[in-house]
Amino acid sequence: MLSEEEKKEIDQELSHSPTRQAVVIEALKIIQRHRRWVSDDSLKDLAEYLEMSLDALDSVATFYSLIFRREVGEHVILICDSVSCWIMGYDTVLDHLKKKLGIDLGETTADGKFTLLTIPCLGVCERAPAMIIDRETYGDLTPERIDEIIDKLK
Amino acid sequence: MEKPLTKNIDPERGPLDIRGYERAGGYAGFKKALREMSPQKVQEEVTDANLRGRGGAGFGTGMKWSFVPMGDEAPRTKYLIANADEMEPGTFKDRILMEGDPHLLIEGMIISSYAIQARAAYIFLRWAYKRSEELLRKAIAEAYEAGYLGKNILGSGYDLEMYIHVSAGRYMCGEETGLLNALEGKRATPRAKPPFPQTSGLWGKPSIVQNVETLCNVPGIIVNGADWYKKLSKTGDGGTKIYGVSGRVKRPGAWELPMGTTVREILEEHAGGMRDGYKFKGLLPGGASTDFLVEEHLDTPMDFGSIMKVGSRMGTGTMIILDDKTCPVAMLVNLEKFFAQESCGWCTPCRDGLPWTHKMLMAIENGEGRMEDLEQLELHCNFLGPGRTFCALAPGAVEPLQSALKYFRDDFEKHIKDKQCPWRK
Ligand SMILES: Cc1cc2nc3c(=O)[nH]c(=O)nc-3n(C[C@H](O)[C@H](O)[C@H](O)COP(=O)(O)O)c2cc1C
Ligand code: SF4
Chain A
35 MLSEEEKKEI
45 DQELSHSPTR
55 QAVVIEALKI
65 IQRHRRWVSD
75 DSLKDLAEYL
85 EMSLDALDSV
95 ATFYSLIFRR
105 EVGEHVILIC
115 DSVSCWIMGY
125 DTVLDHLKKK
135 LGIDLGETTA
145 DGKFTLLTIP
155 CLGVCERAPA
165 MIIDRETYGD
175 LTPERIDEII
185 DKLK
Chain B
63 MEKPLTKNID
73 PERGPLDIRG
83 YERAGGYAGF
93 KKALREMSPQ
103 KVQEEVTDAN
113 LRGRGGAGFG
123 TGMKWSFVPM
133 GDEAPRTKYL
143 IANADEMEPG
153 TFKDRILMEG
163 DPHLLIEGMI
173 ISSYAIQARA
183 AYIFLRWAYK
193 RSEELLRKAI
203 AEAYEAGYLG
213 KNILGSGYDL
223 EMYIHVSAGR
233 YMCGEETGLL
243 NALEGKRATP
253 RAKPPFPQTS
263 GLWGKPSIVQ
273 NVETLCNVPG
283 IIVNGADWYK
293 KLSKTGDGGT
303 KIYGVSGRVK
313 RPGAWELPMG
323 TTVREILEEH
333 AGGMRDGYKF
343 KGLLPGGAST
353 DFLVEEHLDT
363 PMDFGSIMKV
373 GSRMGTGTMI
383 ILDDKTCPVA
393 MLVNLEKFFA
403 QESCGWCTPC
413 RDGLPWTHKM
423 LMAIENGEGR
433 MEDLEQLELH
443 CNFLGPGRTF
453 CALAPGAVEP
463 LQSALKYFRD
473 DFEKHIKDKQ
483 CPWRK
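Top to bottom, those sequences are chains A and B. Residue numbers 35 to 188, in our numbering, belong to the letters of the first sequence in order. Residue numbers 63 to 487, in our numbering, belong to the letters of the second sequence in order.
Some hints here could point you the wrong way.
When the alpha-carbon atoms are kept at most 25 Å apart in a straight line, the in silico DMTMM-like pairs for lysine to aspartate or glutamate are as follows [claimed, not checked]:
| # | chain 1 | residue 1 | chain 2 | residue 2 |
| --- | --- | --- | --- | --- |
| 1 | B | Lys248 | A | Asp79 |
| 2 | A | Lys134 | A | Asp185 |
| 3 | B | Lys248 | A | Glu85 |
Think of the hints as simulated: they come from the structure by calculation, not from any bench.
Chain A on its own, in the form it takes in the complex (with noise of 0.2 Å):
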């Protein structure tokens, strides 16, 4: 069931919207925000509240990126993989986050803290390698500074 703060955020980007599938996108961030990731049951719900089928929206869900149609942990880390990032040091801030949280790249830490995962170039390309936390970006990393950034969020 879609809860009712979820239902008042999506009615109120219906209310400029030209059409109801234009809000799909806005629609399952609303729900991501709420509950981390878009499970089957949100995304029935979601379909049924957007009078869509259930197909077409689980075509969209799974085309972007940064819908999570699997679950993941409370804080989602993605590293920039992409070319700058990859020159200035990717390999070492992949490396030390594995070491640090003990965990590959697509997991999650037993205790529901964190996923790892890599995302394209975040567009900070001169404080480069650069990960995102929780919408925060973080650039010219090192060993050190990760570790400060992740005992903080632990």
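Could you slot chain B with the ligands onto chain A? The hints should help.
Positioned in the frame of chain A, the structure of chain B with the ligands alone reads:
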């Protein structure tokens, strides 16, 4: 030197609010356009200025607008969209403009919307740009409050609403017809052209998609005129350009310089040259989807025509530097992995060809390549080139590859002969 795009940007102070922006001469172009100029006149001024699109292709902005139906017969609803998706690897110029001076983009969007008589304007913003989103939302609210957005703007009878759409991430959202599909809540696959967005775009209405930096050029052109704008440049393409440099240079960053500043000046004077212990080997002049340039090209002016003449594209004007301690083959593995991952899968050459290309490059990098692979790669550059795929993603993907095969051939061959990467020991 005049810097119409960045004159208000001061990272220490932060961006100007609407009052500060107006005190610095902001919204003068907007007022002049709505009070003294017809939409046609605005279009003419932009055409005369020879403003070329800063999203990568360099298409004439005035020319693009001229395809939008105008007058009483034209559809009442039209759209203007600012393309702020900026996912081209190595590109960070639009972010600097939005974070530095959000009102400049909004003023440029209002004038451009007026020029094509759009009823609504969207900013299509990538998710990672949270600070841009916050600043733009605040700036839009201020513009509404001042009566610069909404109904009957400045008593001109012109109405305009403005919205922000925050994307959920995919490189294809930046392709203009993919972007329109994304805004409609669909998968960001491209659309067949014709019909072109100028006549049938968002929800089938006439629409203009324009890069953020392009739009930021418009207020200056309207206030100071086309001649002033052309004189800002060192070459035939008008205006200034935000150039950027990333990689192992002393001072990575972005700078507003006259259009046509040479690659060497940007690299050596502004980015401070290579870091100690690193030598220059090559560069991608304007993002991941442009052809490599090497030492012999450094004195080329960075403008659309000149870079084209030496076999590449200016693209977004943000250069990525390859140094002598970085393996060019491994760099290609990284680039083609990006393109293969971001392919939308709509057409076969790209959907199947790019992963194949990536795998061949990986094999070579891992010392498992064969000489025939180089021919295969060249063949793929051809099969994925312009005119063979549905959109420009795949042709963009082969640009760094075809040029790497040309300029760094020896390095590829050495990987194959030695059965290992010379950079990995
Ligand atoms: C795969 C792909 C991604 C693109 N991404 C962007 C982008 O993020 N921003 C942008 O302005 N243009 C991007 N473009 C170019 C747009 O399709 C379009 O040409 C541009 O927004 C037009 O604006 P302009 O004329 O002001 O340059 C992309 C093109 C392709 C093929
Ligand atoms: S070239 Fe690639 S990205 Fe473009 S339509 Fe074809 S599959 Fe999609």
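Against the structure, the hints come out as follows:
| no. | hint | verdict |
| --- | --- | --- |
| 1 | Lys248/B with Asp79/A | holds (18 Å) |
| 2 | Lys134/A with Asp185/A | holds (10 Å) |
| 3 | Lys248/B with Glu85/A | holds (15 Å) |
When the structure is compared with the earlier hints, no violation turns up for any of them.
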